[in-house]
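Chain A is already provided as a structure; the job is to place chain B on it using the hints.
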Amino acid sequence: MGEISDSLGLALQLIMALDADLREIVLRSLGVSCAAVLLASAIALPLGAALAVSRFPGHRAVVILLNALMGLPPVVVGLVVYLLLSRVGPLGDWGLLFTPTAMVIAQTILVTPIICALTRQSVEYLWGEYSEQLRSLGAGRVSIVLTLLWEGRFSLLTAILAGFGRAVAEVGAVLIVGGNIAHHTRVMTTTIALETARGDLQLALALGIVLICVVLAINAGAFMTREYAQRSGS
Amino acid sequence: MLSDPAADAPDLAQVEATAPQPPVAPILPLDVNGLGLDLPGRAGVLADITFTLEGGGICVVLGPNGAGKTLLLKLCHGLVRPTRGSLRWSSGQGRNGVLRQQSMVLQRPVLLRRSVQENIDYALRLRGVDTVERPRRVDEALVLARLDHVARRPARALSGGEQQRVALARAWATRPEVLFLDEPSTHLDPVAARAVEEMITGICARGTTIVMTTHDLAQARRLADRILFLHRGRLLEQQAAGAFFAHPQCPEARAFLRGELLG
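Sequence lines, in order, name chains A and B. Sequential numbering of the first sequence, starting at 1, is according to this note's numbering. Sequential numbering of the second sequence, starting at 1, is according to this note's numbering.
Don't read these hints as lab results, they were simulated from the structure. Model, not experiment: these values are computed from the prediction. Mixed in with the good hints, there may be bad ones.
Okay, the calculated beta carbon distance ranges per label pair [unchecked claim]:
#, chain 1, residue 1, chain 2, residue 2, range
1, B, Glu118, A, Val62, 32 to 42 Å
2, A, Ala42, B, Val191, 43 to 53 Å
3, B, Asn65, A, Phe56, 48 to 58 Å
4, A, Phe56, B, Arg152, 49 to 59 Å
5, A, Val75, B, Asp130, 48 to 58 Å
6, B, Gly56, A, Phe223, 51 to 61 Å
7, A, Leu8, B, Glu118, 47 to 57 Å
8, B, Arg114, A, Leu38, 16 to 26 Å
9, B, Gly41, A, Arg226, 31 to 41 Å
10, B, Arg258, A, Pro57, 46 to 56 Å
11, B, Gly41, A, Cys34, 45 to 55 Å
12, B, Asp130, A, Pro46, 41 to 51 Å
13, B, Arg258, A, Ala61, 30 to 40 Å
14, B, Asp130, A, Leu216, 45 to 55 Å
Heads up, the beta-carbon is just placed ideally off N, CA and C, and yes, glycines get one too.
So here's chain A without its partners, still in its complex pose:
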């Protein structure tokens, strides 16, 4: 018991002192996940909205598949990206394996279905309300999609934050494609796994505390966004 509280004390000291290693790892973690979420949003928002307002044969199957992809196991995504990027893989020439870029790719694949499925859900709900009005105003397909994305901006922000929470907290994919290399591809989750295994609890605990704070802040942000949206009548 004493050892745990000692470690906790040391962990808090590391955080207070803005320890250089700690800061580097936290910043890389946030950087990789932000980049992945930005990329994923660029793909998933228009795709989800288009899926919500269009009907084609196999539409239901696509929606079901998309919802299923929300639960993609990170280690499997890591494995697939690893195979693609490894020297003998089809994209091996790019030399991306064990780089932050590889981690961004893996997290993008992980997060895109989440944002896409949540976007489809909220845009489809909006479309039910708006479709006659927008058709009456004479909106074309592209402006319908853009309008609905903007109208749903608050719930879409929640979807994006959900994606970010998933990305920043997962360990399997980034561990496999990043390799947890010190000062290069080490992020919060992989460091926690490694340091715990080595018995160095203080850095692991410090990172754990930061990680929980980040996830808390994201959820608080999502909650307050919804509150603001309801209050302002928009």
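Chain B alone, transformed into the frame defined by chain A:
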């Protein structure tokens, strides 16, 4: 809260539509011939509807709830495709060209989650009105709707009557030749309803032909120049408003005017 201070509002007649009308061929009169509509599981929701809509004035589609008034409006506007019969606008333009010269305000106005003026501007952008003309049209529409004092407020935070006027302003800003209104004041209190009615007559006075539904007899008497009386999906009577209210021809219309419930 009463947010419709009619007393100190500007006289509607002072608000002029200064925007030059683009030289386009008029789409009226509209010839509706043998129009019929089947819905899944409900055949003959509308049947054998024939009338001609001339330009000018307010044409009221009157009838009890469930008569098919809303669907008739949506058919004319182009939101619903007829199962039988034809709708022929006078100009030879395609469907898109016709749609650009008419607007519709739905029974529950759907306002966008943005400010009042951005709501109006949005409709103008979709119609391809240029950036010089747009702010002027927005201002004119706001003045006509007596909403200039809430131009920057989120549209959805307004009262029901104000929201309906935003929807009317947005529809009028596009300078439609025909404006379809579905039960424009059904959910409103009498003061808000009066403000909406004043706006409707104001829009009509500026040269837009109005086609509106109502089940409210008093409102029909106040506004209508012409009546289309609809009952159970059939067009039972079409007359000038004065003649209709003085001498209704069919027994259903007489019963309706006496305030009897029509089954």
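Hints and how they fare:
1. B/Glu118 with A/Val62: 32 to 42 Å: Hint holds: Cβ distance 34 Å, inside 32 to 42 Å.
2. A/Ala42 with B/Val191: 43 to 53 Å: Roughly 49 Å apart at Cβ, these two residues keep to the hinted range, so it holds.
3. B/Asn65 with A/Phe56: 48 to 58 Å: For asparagine 65 of chain B and phenylalanine 56 of chain A the Cβ distance comes to about 37 Å; the hint is violated.
4. A/Phe56 with B/Arg152: 49 to 59 Å: Given range 49 to 59 Å: violated, Cβ gap about 41 Å.
5. A/Val75 with B/Asp130: 48 to 58 Å: Between valine 75 of chain A and aspartate 130 of chain B, where Cβ atoms are some 56 Å apart, the hint holds.
6. B/Gly56 with A/Phe223: 51 to 61 Å: Holds, at about 55 Å.
7. A/Leu8 with B/Glu118: 47 to 57 Å: At roughly 52 Å between Cβ atoms, glutamate 118 of chain B and leucine 8 of chain A fall inside 47 to 57 Å, so the hint holds.
8. B/Arg114 with A/Leu38: 16 to 26 Å: With Cβ atoms ~25 Å apart, the hint holds.
9. B/Gly41 with A/Arg226: 31 to 41 Å: 39 Å, holds
10. B/Arg258 with A/Pro57: 46 to 56 Å: 54 Å, holds
11. B/Gly41 with A/Cys34: 45 to 55 Å: For glycine 41 of chain B and cysteine 34 of chain A the Cβ distance comes to about 51 Å; the hint holds.
12. B/Asp130 with A/Pro46: 41 to 51 Å: 27 Å Cβ-Cβ, so the 41 to 51 Å window is violated.
13. B/Arg258 with A/Ala61: 30 to 40 Å: For arginine 258 of chain B and alanine 61 of chain A the Cβ distance comes to about 57 Å; the hint is violated.
14. B/Asp130 with A/Leu216: 45 to 55 Å: Holds, since aspartate 130 of chain B and leucine 216 of chain A (Cβ atoms, about 49 Å apart) stay within the stated range.
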